[in-house]
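J.: Letter by letter, the chains look like this.
2 protein chains.
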Amino acid sequence: MNAPRPVRAPRGTQLTAQGWPQEAALRMLQNNLDPEVAEHPDELVVYGGTGKAARDWPSFDALVRTLTTLRGDETMLVQSGRPVGVLPTHEWAPRVLIANSNLVGDWATWDEFRRLEALGLTMYGQMTAGSWIYIGTQGILQGTYETFAAVAAKRFGGSLAGTVTLTAGLGGMGGAQPLAVTMNGGVALVVECDPSRITRRIEHGYLDVQAASVDDALRLAGEARRDRRAVSIGVLGNAAEVVPDLLARGAQIDVVTDQTSAHDPLAYLPVGVAFEDWAGERAKDPAGFTRRARESMAAHVEAMVGFLDAGAEVFDYGNSIRGEAQLAGYERAFAFPGFVPAYIRPLFCEGRGPFRWAALSGDPADIAATDRAVLELFPGNEPLERWIRLAGEKVQFQGLPARICWLGYGERDVAGLRFNDMVASGELSAPVVIGRDHLDAGSVASPYRETEAMADGSDAIADWPLLNALVNTASGASWVSIHHGGGVGMGRSIHAGQVTVADGTALAGEKIARVLSNDPAMGVIRHVDAGYDHAADVAADRGVRIPMREG
Amino acid sequence: MNAPRPVRAPRGTQLTAQGWPQEAALRMLQNNLDPEVAEHPDELVVYGGTGKAARDWPSFDALVRTLTTLRGDETMLVQSGRPVGVLPTHEWAPRVLIANSNLVGDWATWDEFRRLEALGLTMYGQMTAGSWIYIGTQGILQGTYETFAAVAAKRFGGSLAGTVTLTAGLGGMGGAQPLAVTMNGGVALVVECDPSRITRRIEHGYLDVQAASVDDALRLAGEARRDRRAVSIGVLGNAAEVVPDLLARGAQIDVVTDQTSAHDPLAYLPVGVAFEDWAGERAKDPAGFTRRARESMAAHVEAMVGFLDAGAEVFDYGNSIRGEAQLAGYERAFAFPGFVPAYIRPLFCEGRGPFRWAALSGDPADIAATDRAVLELFPGNEPLERWIRLAGEKVQFQGLPARICWLGYGERDVAGLRFNDMVASGELSAPVVIGRDHLDAGSVASPYRETEAMADGSDAIADWPLLNALVNTASGASWVSIHHGGGVGMGRSIHAGQVTVADGTALAGEKIARVLSNDPAMGVIRHVDAGYDHAADVAADRGVRIPMREG
Ligand SMILES: NC(=O)c1ccc[n+]([C@@H]2O[C@H](COP(=O)([O-])OP(=O)(O)OC[C@H]3O[C@@H](n4cnc5c(N)ncnc54)[C@H](O)[C@@H]3O)[C@@H](O)[C@H]2O)c1
Ligand SMILES: NC(=O)c1ccc[n+]([C@@H]2O[C@H](COP(=O)([O-])OP(=O)(O)OC[C@H]3O[C@@H](n4cnc5c(N)ncnc54)[C@H](O)[C@@H]3O)[C@@H](O)[C@H]2O)c1
Chain F
1465 MNAPRPVRAP RGTQLTAQGW PQEAALRMLQ NNLDPEVAEH PDELVVYGGT
1515 GKAARDWPSF DALVRTLTTL RGDETMLVQS GRPVGVLPTH EWAPRVLIAN
1565 SNLVGDWATW DEFRRLEALG LTMYGQMTAG SWIYIGTQGI LQGTYETFAA
1615 VAAKRFGGSL AGTVTLTAGL GGMGGAQPLA VTMNGGVALV VECDPSRITR
1665 RIEHGYLDVQ AASVDDALRL AGEARRDRRA VSIGVLGNAA EVVPDLLARG
1715 AQIDVVTDQT SAHDPLAYLP VGVAFEDWAG ERAKDPAGFT RRARESMAAH
1765 VEAMVGFLDA GAEVFDYGNS IRGEAQLAGY ERAFAFPGFV PAYIRPLFCE
1815 GRGPFRWAAL SGDPADIAAT DRAVLELFPG NEPLERWIRL AGEKVQFQGL
1865 PARICWLGYG ERDVAGLRFN DMVASGELSA PVVIGRDHLD AGSVASPYRE
1915 TEAMADGSDA IADWPLLNAL VNTASGASWV SIHHGGGVGM GRSIHAGQVT
1965 VADGTALAGE KIARVLSNDP AMGVIRHVDA GYDHAADVAA DRGVRIPMRE
2015 G
Chain Y
1465 MNAPRPVRAP RGTQLTAQGW PQEAALRMLQ NNLDPEVAEH PDELVVYGGT
1515 GKAARDWPSF DALVRTLTTL RGDETMLVQS GRPVGVLPTH EWAPRVLIAN
1565 SNLVGDWATW DEFRRLEALG LTMYGQMTAG SWIYIGTQGI LQGTYETFAA
1615 VAAKRFGGSL AGTVTLTAGL GGMGGAQPLA VTMNGGVALV VECDPSRITR
1665 RIEHGYLDVQ AASVDDALRL AGEARRDRRA VSIGVLGNAA EVVPDLLARG
1715 AQIDVVTDQT SAHDPLAYLP VGVAFEDWAG ERAKDPAGFT RRARESMAAH
1765 VEAMVGFLDA GAEVFDYGNS IRGEAQLAGY ERAFAFPGFV PAYIRPLFCE
1815 GRGPFRWAAL SGDPADIAAT DRAVLELFPG NEPLERWIRL AGEKVQFQGL
1865 PARICWLGYG ERDVAGLRFN DMVASGELSA PVVIGRDHLD AGSVASPYRE
1915 TEAMADGSDA IADWPLLNAL VNTASGASWV SIHHGGGVGM GRSIHAGQVT
1965 VADGTALAGE KIARVLSNDP AMGVIRHVDA GYDHAADVAA DRGVRIPMRE
2015 G
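Protein chains in written order, with our numbering: chain F, 1465 to 2015; chain Y, 1465 to 2015.
Here are some, though not all, of the chain F residues that point toward chain Y, as calculated from beta-carbon distances under 10 Å:
1) 1553
2) 1992
3) 2015
Worth flagging that the hints you see were computed from the coordinates, not collected in a lab. For every residue, glycine included, the Cβ atom is placed at its ideal position computed from N, Cα and C.
Put together the whole structure using the sequences plus the hints.
T.: And the structure:
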């Protein structure tokens, strides 16, 4: 066929492939391109700008054809979205091995990547796009929820109730902020300069109300804070004006962050430019626009530091706004930390991180049953309980029903084994796949995000994601992937993924027991090695072996 | 102990570890540091400048301790020479997984590497140093032999008899040239400016004679050429003078190459500088020295192009002399090709490449027996027969007895299975390990060497070595490694290695059958994908599956 067409994964228990691991890869590939899931399915783009599931339509067809006939002791090799080989392996081996967008260091640039892409020789796989485990915006929502839960745990006794979080940006990532804050019980006050973004977020249920003015927003926020009511409030304005204004007024703000697209100065609206004139001004004088945007970011960050000085919890949410403000000459830009070192790394030390699964049946009842199982398995984990309950209420499935939550070392395997038993017993109507994204403890080297400011300075060491991929391959994962450049771009990250199928067989159980403990164990190990005491305690308590500490 | 000490692998059939795969890793780690094998064993440096087998002595001790107790269903993780974890896997999984020197692209520089190394966070693993399968200088000799055999095959009907090869440089790599040429039946005329290097090569049996002068050298070479006698002749001089001189005289030269260390202009002696003054001149004025060295290289390369125009076979042997000559303004520098595109790539298209093994018994008789087995298995392969015979005569073992030769797809598994049978039957007195180096078809991305000038421009795509490591992990290799920067330095290569143990068991046979066909299959696949018809023919003939060509 070789041409764009609507793609949708088969549902139910009828196999179209030679076994469930192959069937799972086939369905998840197709699911990634489901119009409900993918941003631009005709171009095979799943999410994240140009993150693709297959290199081109002929490659997609060859993937489907090969997966359909692949035996349980064969392995298909995928090089940046194209199937390049099928080799005889064995039943413990992954059915698919994937390498996406990898380039030798000196050539690891967007220019060389684009050149090779234009020649049809590579594709950008992002994280879960090219490794067939994207589940829609639930992933972003949950990651953001988890971050705010960690803020709450660190500073506010586990809940944001009675606090106001001030942030800006309601775009692709940032739009998850208001709902993530209210799911943690807090008040979100979000500044956005694009009125259509505010409207859309309200329509989709991610934002509760739009305030008529900054005054109105402050009043709404203050009341909700006092009443410990969770509510999210959007306010139209330029963050570089509104945030300093709120500081000057002495507004009661407890948490401050930002998800405007500050990483690209042309995508940050400077003070003095009307929203309507943005495109024109930027096109007319990109250099001047950049300078003005940076000056505005400096004002924005200076106000964030003001809130910090006033006692608020302040963090950079991965958009480089500190770096841009510093370029504009503001000296205290790095007075507040990035979100990973501040909140996420302690979780990584426990091997805690993303755990997602999808029901190959297509039946939402299967996810409901697994939700109940997770709640049963981990009683007393209040943020987890809250997330599962609220996700059940608020998250619309896109494509195959799926769920994501964060679990630690010693938990993921327990959940995976339970799911496998539920498949075996018929409690679930078909197998489930279990994977994760790449905001992860032991499978990522990304010095601007996951491995920023490691205690020992090892931010750029890329042995870890490679070992992670090798370990998952050696432990029985159904498919394993190694990627370059996800999230932060070419030259800036190396990361690995795994997906493991729970088809109810004893063999799947053996594999799950290994993969879902070894994968998070890599997070514990990586952080022990970097000198984190908390990780060393976790390793000692739970029996993760560290050879340098033995003998 | 934690301090330098002499290390030597145990010999014989007594296990010190829990099984032969673990024992093999233990012995090969120790063997890499045997004073007979390693260049600077006290510093854990095996070869290639600073290529190490373990990060530091405490790491070495922890490696030994861990390997000694490691079970047959456990896997040890090694991050740049340090054991960082032990995880439960299964009996088909590798016992050791290794990642050496890997850095995220934007940080993939010597500066950042040195910074991290000084912090004790990484080490340079080169290729076979950090993955425990170095076997001494035999490897270099054999690679050079294979290159000249390929020159002979391409141009001279399979033998260099009756031809003269002109080259320069008798250093660490280059010193193998004269013996490799005479093993192919030819006459080698080698220019070297350092008298001690000539003397040493004669002492070690790598060079036959030193000529008294260029006239003398030409006479000796001419006679041997006429008589079709294999002889190697060293001549003291500066290649930038001698090579143009020989061209001007109309010398009968059939093959021209060079292995002076031209990649570093400070390591190339310019015309007009006496050998004795080299160090002083270089220190006094590095910039001026560099300019003069480049000018000399331009004269040297211009003469090489002169021989090309006169009909000789001329190639760059991986020392960047063409690039340096071009920097000096010589326009036709790239008139002759690099050795990989010229001779090696057609072999890579067949999955042909390095295959080495070592006898864990320590008994040279085991290698003699495997030599005979290889000759029996592949009758009619004249260059192989010649190599095995001459290697048996000329190569002194260093550390555990070992052999290397080049075999293709469909051959390596056959040889490996035979060795395994010989262990089982007692024909060999102990198990053997089978691995390879990284001048390889499907496990390297190295745009200045192995993947220079790929037909489709895919030189820098690094998905292939990563897939290779994943495939070997999924096929039953005993240990698998992923390295950065071997040979050509930081930022310039990504490559993977595997070693598989033949311990005579049926399971080892199953693993060997898969690893030793899948590993070279990656070479065939990589070259089919890059558009080489010869590889496509090989794949079609021998049944290597290429999904894009099916259906
Ligand atoms: N924390 C993480 O893990 C993570 C992950 C991905 C992206 N990011 C970063 O987060 C940022 C946001 O990502 P996104 O996908 O939502 O981007 P986006 O471009 O979709 O949205 C940015 C929003 O900011 C608004 N904006 C720009 N300038 C403004 C100003 N001066 N005042 C008020 N609003 C303004 C824009 O109108 C837009 O709606 C990016 O910089 C991205 O790199 C972080
Ligand atoms: N083909 C490959 O696979 C491969 C592998 C490794 C290295 N190399 C390259 O091969 C080159 C040689 O490597 P090596 O390890 O032998 O280097 P080396 O430094 O040990 O030896 C170089 C020799 O060249 C001699 N020399 C320098 N200038 C000269 C001149 N003007 N005239 C005559 N002799 C001169 C030196 O005295 C020295 O003996 C290097 O550039 C290296 O990068 C190629």
